[in-house]
Amino acid sequence: MLRPKHQQFVRGDKRMDKEGLLRLLEKIGQRIHEQRDFLTELDNAIGDGDHGHNMDKGFQAVHDRVLSNPGPDMGKVLQQVGMALISTVGGAAGPLYGTAFMRMGGLLAGRQEASLEDLPRLLDAAIGGIQQRGKAVRGEKTMLDALIPAKEALEAAISAGKPAVEALADAAAAAEAGVEYTKTIRATKGRASYLGDRSIGHQDPGATSSMLMIQVLKETLQERDQ
Amino acid sequence: MVSLILVSHSRQLAEGLADLVRQVAGEVPVVPVGGTADGRLGTDATAIVEAVEAVYSDDGVVLLMDLGSSVMAAETALELLPPERSARVRLSGAPLVEGAVAAGVEARIGGTLESVLKAAESALHEPKF
Numbered sequence: 001m002l003r004p005k006h007q008q009f010v011r012g013d014k015r016m017d018k019e020g021l022l023r024l025l026e027k028i029g030q031r032i033h034e035q036r037d038f039l040t041e042l043d044n045a046i047g048d049g050d051h052g053h054n055m056d057k058g059f060q061a062v063h064d065r066v067l068s069n070p071g072p073d074m075g076k077v078l079q080q081v082g083m084a085l086i087s088t089v090g091g092a093a094g095p096l097y098g099t100a101f102m103r104m105g106g107l108l109a110g111r112q113e114a115s116l117e118d119l120p121r122l123l124d125a126a127i128g129g130i131q132q133r134g135k136a137v138r139g140e141k142t143m144l145d146a147l148i149p150a151k152e153a154l155e156a157a158i159s160a161g162k163p164a165v166e167a168l169a170d171a172a173a174a175a176e177a178g179v180e181y182t183k184t185i186r187a188t189k190g191r192a193s194y195l196g197d198r199s200i201g202h203q204d205p206g207a208t209s210s211m212l213m214i215q216v217l218k219e220t221l222q223e224r225d226q
Numbered sequence: 001m002v003s004l005i006l007v008s009h010s011r012q013l014a015e016g017l018a019d020l021v022r023q024v025a026g027e028v029p030v031v032p033v034g035g036t037a038d039g040r041l042g043t044d045a046t047a048i049v050e051a052v053e054a055v056y057s058d059d060g061v062v063l064l065m066d067l068g069s070s071v072m073a074a075e076t077a078l079e080l081l082p083p084e085r086s087a088r089v090r091l092s093g094a095p096l097v098e099g100a101v102a103a104g105v106e107a108r109i110g111g112t113l114e115s116v117l118k119a120a121e122s123a124l125h126e127p128k129f
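Going down the list, the protein sequences come from chains V and H. All residue numbers for the first sequence refer to our numbering, where the first residue is 1 and numbers rise by one. All residue numbers for the second sequence refer to our numbering, where the first residue is 1 and numbers rise by one.
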């Protein structure tokens, strides 16, 4: 059922279509580009100092390969994003985020639209992919320390019947708190683990890039509702 | 004959090691995979898939990797390969240099996929001195 573009989404709408997803991906790419030096600075402190640059390369490839030639449905688009990241990021974030996007794509196979209620399942799939790939759990100073709290906050907000924008605001706040939490713990995964206790006091670059993506998702819905 | 793929963040490291392994490995196909397509340090799972496709035979393929994210890239590559191929690809947990040389020798003398993998992993238990 096709609706005219101008009335596709009304204020408070909980749905997103493929065009919305493409706009979201574009905005995520812009945010990563703006924040690339910051992400690299964080990674310089405890890792190999390439996270910002690598993520920027990855989302440049998303822009060049996916946004200009998107697949026919949301699932295909997310899988294209996964492949673009896997083949261009270079560091651990490539297989990690790449697998996350591939798994989300699998869930939305053939779909033209997703709703707020799909989002916890999508985040679960992303988190599952990252856990499988990185063999990490919560509390090890990784992306998971932003993503798992975000997913939990989102589920709680949906159960409480909150509107989409508020639910996403809760998720973003939880991701931000998760990033703060990574400052207090020691890394046991990845290059940062070589630093042991000296990794304490630094926020995790991967958790930070995950937080940025959730913040952009929140902002995208806020702008749409204005 | 079992083939070897050497995965490193650094193209030079992978290529240099491939030279070293070829010295002892005779006709064994040895493919270095390292760095990103645009020449940065890093790993690219799709390049690993291409390398497997280039040397694949039913005798099998052993992958040796350097640090953490090259392991993740190799595991991702296994998922991207058709299942009938990935079933004959093994990831070795051996140290890259010692493991690759040991695997190269075992493959050259006609070792099976399992024995090449075992030879590589025996390098884990061989102290340098």
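To be clear, the hints were calculated from the coordinates, so they are not data collected in a lab. There may be inaccurate statements among the hints.
Stated by the list, open to error - Listed next, with one range per pair, are the computed distances between beta-carbon atoms:
| # | chain 1 | residue 1 | chain 2 | residue 2 | range |
| --- | --- | --- | --- | --- | --- |
| 1 | H | Pro127 | V | Val137 | 49 to 55 Å |
| 2 | V | Thr188 | H | Glu126 | 25 to 31 Å |
| 3 | V | Ser115 | H | Glu50 | 35 to 41 Å |
| 4 | V | Ser193 | H | Glu50 | 27 to 33 Å |
| 5 | H | Pro95 | V | Asp37 | 33 to 39 Å |
| 6 | V | Ala156 | H | Asp19 | 54 to 60 Å |
| 7 | H | Glu50 | V | Val137 | 30 to 36 Å |
| 8 | V | Gln222 | H | Pro127 | 48 to 54 Å |
| 9 | V | Gly106 | H | Glu114 | 30 to 36 Å |
| 10 | V | Val137 | H | Gln12 | 32 to 38 Å |
| 11 | V | Asp37 | H | Pro83 | 56 to 62 Å |
| 12 | H | Glu126 | V | Gln222 | 32 to 38 Å |
Heads up, the beta-carbon is just placed ideally off N, CA and C, and yes, glycines get one too.
Hints, one by one, checked against the model:
1. The hint said 49 to 55 Å for the Cβ distance between proline 127/H and valine 137/V, and at roughly 33 Å that hint is violated.
2. Roughly 28 Å separates the CB atoms of threonine 188/V and glutamate 126/H, a value that falls within the hinted 25 to 31 Å.
3. Here the CB-CB span from serine 115/V to glutamate 50/H is close to 38 Å, well matched to the stated 35 to 41 Å.
4. Between serine 193/V and glutamate 50/H, the C-beta spacing of about 31 Å keeps the proposed range 27 to 33 Å intact.
5. Evaluation of the 33 to 39 Å hint for proline 95/H and aspartate 37/V yields a pass: the beta carbon distance comes to about 35 Å.
6. Judged by the Cβ atoms, the range 54 to 60 Å given for alanine 156/V and aspartate 19/H holds: they are separated by roughly 57 Å.
7. The given range of 30 to 36 Å is respected by glutamate 50/H and valine 137/V, whose C-beta atoms sit roughly 33 Å from each other.
8. Distance hint check for glutamine 222/V and proline 127/H: the Cβ-Cβ separation is about 60 Å, which falls outside the suggested range of 48 to 54 Å.
9. Separation of glycine 106/V from glutamate 114/H is about 32 Å and conforms to the stated range, judged on CB atoms against 30 to 36 Å.
10. The beta-carbon spacing between valine 137/V and glutamine 12/H, approximately 35 Å, falls within the hinted interval of 32 to 38 Å.
11. Checked against the hint of 56 to 62 Å, the pair aspartate 37/V and proline 83/H fails, with Cβ atoms roughly 42 Å apart.
12. In this structure the supplied range 32 to 38 Å is violated for glutamate 126/H paired with glutamine 222/V, their Cβ-Cβ distance being about 59 Å.
Hint compliance for this structure: hints 1, 8, 11, 12 are broken, all remaining hints hold.
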